[in-house]
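Trainee: Mind docking chain B on chain A? Use the hints.
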Amino acid sequence: MRVTQSMLTQNSLRQLSTSYGKMGKLMEQLSTGKKISRPSDDPVVAMKGMYYRTNLTELEQYKRNLSESYAWMENSEAALDHVQSVMHRARELVVQGSNDTYSPEDRQAMAKEIEQLKHDFVQVANTQVAGKYIFNGTAIDKPRITDANDPMSVSMENSPFEVEVSRGIKLQSNINADNVFNKDMIEIWNGLQSALESSDTDALKSLMGRFDKAADAISAERSELGARYNRLEMVDNRIGYQEVVATRILSDNEDADIEKVITNLTMQESVHRASLGVGARVIQPSLLDFLR
Amino acid sequence: MRSTFHSLEVARRGLVTQQTALQTVGHNIANANTPGYTRQRVNFVQTEPYPPASMNRPQIPGQMGTGVEAGSIQRVRESFLDIQYRGENNKLGYWEARAGSLQKMEEIMNEPSETGLSTTLDRFWQAFQDLAVNPTNAGARSVVRQRGLAVAETFRFLSDSLSSVQGDMKNEMDVTEKQVNALSQQINNINKQIGDLEPHGYLANDLYDERDRLVDELSQLVNIKVSKVGTGGSASPLAEGKYTIEMVDDSGRKIGTLVDATSNRVNRLSLEYRADTGLVDGFRLGDTSFGIGSMQSSGKLRGLIDSYGFMDGNTEKGLYPDMLNHLDTLAFEFAQEINRVHESGWSISSMETGEHTAFKFFEFKNTNIVAGNIKNAAKLFTVSADIVQSLDNIAASGYNKGIITSGEFHGYNGVGNVSVTVQSTVDADGVQQFTYTVYDAAKSPKQELMTSGSFSTLEDLGAGLSGEFVDSAGNPSVNFDLSKVRLEDVSKGNFIAVDIPKTGEVGGRVGDGSNAIALAEVKARTLQLNGVSTTFQNYYESVIGGLAVDAQEANRLSYNSETLRLSVDQRRQSVSGVSLDEEMTNMIQFQHAYNASARMITLTDELLDRIINGLGLGGR
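Protein chains in written order, with our numbering: chain A, 13 to 304; chain B, 42 to 661.
I should point out that these hints are in silico values taken from the structure, not numbers from a laboratory.
Heads up, some of the hints might be wrong.
Said to hold, decoys possible - Simulated crosslink set (DSSO-like; lysine-lysine; CA at most 27 Å straight-line):
hint : chain 1 : residue 1 : chain 2 : residue 2
1    : B       : Lys233    : A       : Lys34
2    : A       : Lys195    : B       : Lys487
3    : B       : Lys484    : A       : Lys225
4    : A       : Lys47     : B       : Lys145
5    : A       : Lys195    : A       : Lys225
6    : B       : Lys416    : A       : Lys195
7    : B       : Lys145    : A       : Lys46
8    : A       : Lys182    : B       : Lys525
9    : B       : Lys416    : B       : Lys406
10   : A       : Lys46     : A       : Lys272
11   : A       : Lys154    : A       : Lys182
12   : A       : Lys225    : B       : Lys295
13   : A       : Lys182    : B       : Lys487
14   : B       : Lys145    : A       : Lys37
15   : B       : Lys219    : B       : Lys233
16   : A       : Lys217    : A       : Lys124
17   : B       : Lys358    : B       : Lys145
18   : B       : Lys487    : A       : Lys60
19   : A       : Lys47     : A       : Lys60
20   : B       : Lys219    : B       : Lys295
21   : A       : Lys182    : B       : Lys211
22   : B       : Lys406    : B       : Lys358
23   : B       : Lys211    : B       : Lys269
As the list claims (entries may be wrong) - Listed next, with one range per pair, are the computed distances between beta-carbon atoms:
hint : chain 1 : residue 1 : chain 2 : residue 2 : range
24   : A       : Lys272    : B       : Ser204    : 36 to 42 Å
25   : B       : Glu529    : A       : Val107    : 51 to 57 Å
26   : B       : Glu529    : A       : Asp214    : 53 to 59 Å
27   : A       : Val283    : B       : Gly180    : 34 to 40 Å
28   : B       : Ser583    : A       : Thr259    : 22 to 28 Å
29   : B       : Asp328    : A       : Gly36     : 36 to 42 Å
30   : B       : Ser154    : A       : Leu300    : 35 to 41 Å
31   : B       : Val86     : A       : Leu300    : 28 to 34 Å
32   : A       : Lys225    : B       : Gly180    : 50 to 56 Å
Claimed, not checked - Stretch by stretch, here's where chain B covers chain A in the computed footprint (C-beta under 8 Å, at least three residues):
hint : stretch
33   : 42-52
34   : 101-109
35   : 164-175
36   : 235-243
37   : 252-265
Here a beta-carbon is modelled for each residue, glycine too, at the ideal position from N, C-alpha and C.
The shape of chain B in the complex, shown without the other chains:
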């Protein structure tokens, strides 16, 4: 037999459950703008019907409903979208970091502009051109020196700025590393709390939200894979369990575990740096060390490492080390070539003393930078002390295009006025050969005295030529140094004529600006730069072009991955986001149900009133 108060209980259950639903609506509305919040839904369940199936059940027709209860409060969420979101977020992290660092690099390089290296080199070139037409002009010399200083300063500025941004990036890497560890720690803490709650049948919805938000955040930093581990006990089937978070590579293979759900432990991630270069060499996860090659994944951390630089075996890789290396190459080779040409020229001071002194134009501060060890060449680039000291040490005048004679001339086979020409020929096999011819310069036209055989190098030719000139005792007299000769000057049908000066004659003429022109030409001369046959101009253009393409790609991909992340986020929002309209509708629905349940109580009250106060009064 059912109770008289059955209806009251059914209505009460209705009231309580609708109220729960209304409270959930309220919670949803309140959290409409909470980041990471997932809307919640009350799962209504009918309470057990009366009578339950049993041996001693009362014989009444059918089973009678006994009302409603809130079975569970569930998050409305689709975990597949989470995986997608995290994948895109991870890519975004990588490309944003890369785009950011490239943007800074672009700002530092500042090309094309009136202040970049390219313009500075142009101005340097111009200064030499001006010097070439006005070799005696102290103003032109001083401009050359100032522009030389400007070139050195620009190299130093670029190198210093890049290094300092690189330093900032290291800080950012450290921060990111700490963030990863902090997030892992927080996730682990939430895991523990969830592990305490779930076995009792609770659904820790708000903790789930918080944890998912943290995982989203973590996914931007490193590439992760999330797997769930049940908490046991009498956990609800809707329970999400604890998260094990693993770092994975780009093909999804596990590298190591960040958060371990079974042992409730966190493995700290830390980067390892190579002592001598300061670049990233690898990383540690817990107690295990990995080579940097293992972190074949995206994410902000890898993006920063790629920009900051890492060691691939013994080679430095990365955007900033690459650019610094390009600058070092440019600075070193530029200095080498300018110096070589400059040393072959005659400066006013050399002309005054009558003896050729080879002045360097550029040098490197406090260091022994040599071919093969050009690191920091740009940072230490400077105008040589000789040039800073005296403008007269700038060698604008050419003398025999690099053939430097020393010693004392005692005539050549009785001829007192000799002219020697050096020329290059190419033999049948295409091999470059060098020959010289000695003329009697006093005769008009010049009369040939002897022609040499072929030499394979200019140095050999110089030695051979020096052997031709002897004093009265048969000892070598004039020494020919051909180390400063430029190949261009003797090839392509050109020849260099050396008029052996009479005793005491000074080499070089103040009005001759040919060496200044040769110095100007360095910028456009084809050289071997980093194994590529190119000019400084083209090399630098290609470096900037490479940077531009890299930056463009990074910008585009970071925009694209942001768009993709956003569209996944929209889909996620579509499932989990709070819609105020919807909540309002629900609110009204639940309110009505609540009101109706209350009405049921009133009705039942009236029924009971009839029973209590109206029955049993017959015949009164």
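Same shape as in the complex, but just chain A:
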């Protein structure tokens, strides 16, 4: 085959531009830290990239949702703890009050304390977290109990406040307030107070039964909350783990392997230098240089 200078020039020019192209690609990988800059560089990486990004966004969101769930549950837990200690004190008083050794004056004093305990109970029922009443189902804009003396003022809201913690999995964050802050409890508190005021020990004894039943229900609700809290922690752990995995997969998928890129770049650079050198050598001399 006949070879002319212009062919050599053309060839070495093309090689140089291909080599520049490759270097450009590697430089781009180096500066962006990504394997690809447009989908056509690698359709599979691009599609997976989109999917993994969405996946990661979802996990981040679920983590954010979880913290809201934590806030609800931890506050509910603290409130229930307080309610139980209130109930505990109330029971002591009632046991004392049903004892015939106390005088009506003593019972009056106990009635005063019961009243305070009731107000405390009502206050807990109307616990607000970040402006939301957490013990009124999803009607978080209204207090649970508006009038401590009127059982009819107790709201009956008990819709679950559900938070999505994984795709399609919702976890209830509030407690079933019907089991704790209900009409019955206000009736019992009022009954206890008036029984102590009137020293009606028979009534006290019969209220004791209802009181204990209510205390059991509260304790059951607290156990359930505890169990749910455990579940929340498990979900949290799992999501934390998934996030680590998802981040790694995302990185594996589209992040450039910097060592590899640098090595390739160095390699490409030396190829480029070589082709520049060879080009310069091949193009320069012609017969012209050797004629007289």
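Mentor: This is chain B only, laid out in the frame that chain A set:
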């Protein structure tokens, strides 16, 4: 008897011919870098020997050479390589145009990135999730609105950008069309000049070069076939004649003639567009119209048409119309589904008035875009005026999961507190059926009052259920609208319980974010999109995947065809290119021959000197 000056004439011929050769060398060197230049060669021919064969020839021994002349100056070229080159150039034209338009599309779609549609949809989803956990938070509502606007803007931006690139492509098509016609015209002009020269025995080498260069250029735009037509007269056997250039399809069959060598006429090529869609419908060549299906060839023009879009019967085809259609489908179906869920939810404003108002979340500007006519849905996508007006119109709260009750409740068979559950079952034949059960909600546990038979649709069930509730006069009282119920909510063992509210009770609770969750779920819900059962997420991923594969193929093939064209070009260069070394060698060769011829004259001069000045002086 030969002439005394014979040798002088032979040497003179040598001088002149070598000079011609040297001039050609000079021409070659001068044009070494001229694009399309073919090196030229002087064909040396011996002049007619003396004596010629004839009756009255002198009786001298043998025939004597009379020197040399330049028989012809010929281009060194191989036309087979031209055909190959043009074939590859044609493919390159197609793939380059396609790769270019796909590259622009990739840049517009900008995936995967932090700014693409996918991320925008993710953010929208996130905003609903945040709203779901904080349904009363005005901040969360405002984020939902902003992200909704961002989704609408992204759809509009993508659609507008694609359309504007499509517009640019139309300009490029017009330019290409003009180029084809200009090239045809120029080739025709050269044909005419060649037609004037060749009959006189000339070889119009430089015109041939120019014409071949133009044909090369034309081959990139449309698929052509070149045939030669002789010019007649006393044309040299080396003459190339005039070129007839035909447009051919990919199997080489003729579509029509661009340049007609016999009549020296050019047929103009023009594209025809469909009035309503603006897409390419066909093309005209001279006086004949063709359907676009006839242009089954490659070349830049077809590459651009494939990208810009054309009408296949009544369907729009092409890369950009396809992508716009995907976006329209996504935008329309997304709006439909978000609206359906949103309309079923309870907004704060609805809760305040105590009456359910169905607010749309998205809408389409100034147009009646409906199922079956979704063109430009992405371009006209916007957040509805209701939502823009008031954040309170965002329906974050669910109420009975889409079952909307209206009217006034007058008790059910004397029961004042009723709960109705709606459930789906699948019968033995695998057909989905719907049933409802009415409970007395005041009893604990709830006591069943009646169970319905099966209904085939939720609408039927709603009608049947509404019939159960009457006022004291026996007139229908509560109306159950089940049109907003999502099938997912009643299938897979789920049921929806509707507690019939007491008179005056407001539906929905501000703290309930279940509808916000349902709205977030839309992105990942399986739907029928363009006849495919898929989610928005997957559909969009597959669209981008398709684009990526298309672009990759176009890039690869344009690189490959460039490599092929280059290698053919190398072979062509190998034959026709000017080698300076070679020209130098020739130059020296011709120079020496020239010098030697000049020496012959000197020698002859000396001989003549002897004859003229030295002879006839004997005995002086």
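Trainee: Taking the hints in turn, state whether each one holds.
Mentor: Against the structure, the hints:
Only pairs whose Cα atoms come within 27 Å are accepted, and B/Lys233 paired with A/Lys34 is rejected, the gap being roughly 48 Å. A distance of roughly 20 Å separates the Cα atoms of A/Lys195 and B/Lys487; the hinted pair therefore holds under the 27 Å criterion. Taken as a hint, the B/Lys484 and A/Lys225 pair is honoured in the structure, with Cα atoms around 20 Å apart against an allowance of 27 Å. A threshold of 27 Å between alpha carbons decides the hint, and for A/Lys47 with B/Lys145 the separation of about 20 Å falls inside it, so the pair holds.
Proximity of A/Lys195 to A/Lys225 is assessed by CA-CA distance (about 14 Å); at most 27 Å being required, the pair is judged to hold. A distance of roughly 59 Å separates the Cα atoms of B/Lys416 and A/Lys195; the hinted pair therefore is violated under the 27 Å criterion. Taken as a hint, the B/Lys145 and A/Lys46 pair is honoured in the structure, with Cα atoms around 20 Å apart against an allowance of 27 Å. Distance hint between A/Lys182 and B/Lys525 is fulfilled; the C-alpha atoms sit about 22 Å from each other, no more than 27 Å.
As the CA atoms of B/Lys416 and B/Lys406 are separated by approximately 13 Å, the hinted pair is consistent with the 27 Å bound. Note on A/Lys46 and A/Lys272: the hinted pairing holds, with a Cα-Cα distance of about 12 Å set against a maximum of 27 Å. For the hint pairing A/Lys154 with A/Lys182, the CA-to-CA distance comes to about 24 Å; that is within 27 Å, so the pair holds. Between the alpha carbons of A/Lys225 and B/Lys295 the distance comes to roughly 97 Å, so the proposed pair goes past 27 Å and is violated.
Between A/Lys182 and B/Lys487 the CA atoms are separated by roughly 25 Å; this keeps the pair inside 27 Å, and the hint holds. Restraint check for B/Lys145 and A/Lys37: satisfied, since their Cα atoms lie roughly 18 Å apart, inside the 27 Å limit. At roughly 21 Å between alpha-carbon atoms, B/Lys219 and B/Lys233 fall within 27 Å of each other, so this suggested pair holds. For the proposed pair A/Lys217 and A/Lys124, the alpha carbon gap of about 19 Å is at most 27 Å, so the pair holds.
With a C-alpha separation of about 18 Å, the suggested pair B/Lys358 and B/Lys145 falls inside the 27 Å cut-off, and the hint holds. For the given pair, B/Lys487 sits about 49 Å from A/Lys60 by alpha-carbon distance, which is inconsistent with the 27 Å threshold. Distance hint between A/Lys47 and A/Lys60 is fulfilled; the C-alpha atoms sit about 13 Å from each other, no more than 27 Å. The hinted pair formed by B/Lys219 and B/Lys295 meets the criterion: a straight-line CA distance of about 21 Å does not exceed 27 Å.
Note on A/Lys182 and B/Lys211: the hinted pairing is violated, with a Cα-Cα distance of about 52 Å set against a maximum of 27 Å. With a CA separation close to 26 Å, the supplied pair B/Lys406 and B/Lys358 stays within the 27 Å bound. At most 27 Å may separate the alpha-carbon atoms for a hinted pair to count; B/Lys211 and B/Lys269 exceed this at roughly 34 Å. Separation of A/Lys272 from B/Ser204 is about 41 Å and conforms to the stated range, judged on CB atoms against 36 to 42 Å.
Taking the beta carbon of each, B/Glu529 and A/Val107 are about 54 Å apart, inside 51 to 57 Å as hinted. A beta carbon spacing of about 57 Å between B/Glu529 and A/Asp214 agrees with the range 53 to 59 Å that was offered as a hint. Restraint check, A/Val283 to B/Gly180: a C-beta distance of roughly 56 Å breaks the suggested window 34 to 40 Å. Checked against the hint of 22 to 28 Å, the C-beta distance between B/Ser583 and A/Thr259 comes to roughly 25 Å, which is consistent with it.
Roughly 50 Å separates the CB atoms of B/Asp328 and A/Gly36, a value that falls outside the hinted 36 to 42 Å. The hinted range of 35 to 41 Å is not satisfied by B/Ser154 and A/Leu300, whose Cβ atoms lie roughly 55 Å apart. Distance hint check for B/Val86 and A/Leu300: the Cβ-Cβ separation is about 30 Å, which falls inside the suggested range of 28 to 34 Å. The supplied range of 50 to 56 Å is broken by A/Lys225 and B/Gly180, whose beta-carbon atoms lie about 43 Å from each other.
With a cut-off of 8 Å between beta carbons, the stretch 42-52 of chain A has 3 residues touching chain B; three or more are needed, and the interface restraint holds. Residues of the stretch 101-109 of chain A lying with their CB closer than 8 Å to a CB of chain B number 0, which falls below the three-residue condition for coverage. Under a criterion of three residues with beta carbons nearer than 8 Å to beta carbons of chain B, the stated coverage of the stretch 164-175 of chain A is upheld, 5 such residues being counted. Three residues within the 8 Å Cβ limit are the bar, and the stretch 235-243 of chain A against chain B gives 0, so the coverage statement is violated.
Under a criterion of three residues with beta carbons nearer than 8 Å to beta carbons of chain B, the stated coverage of the stretch 252-265 of chain A fails, only 0 such residues being counted.
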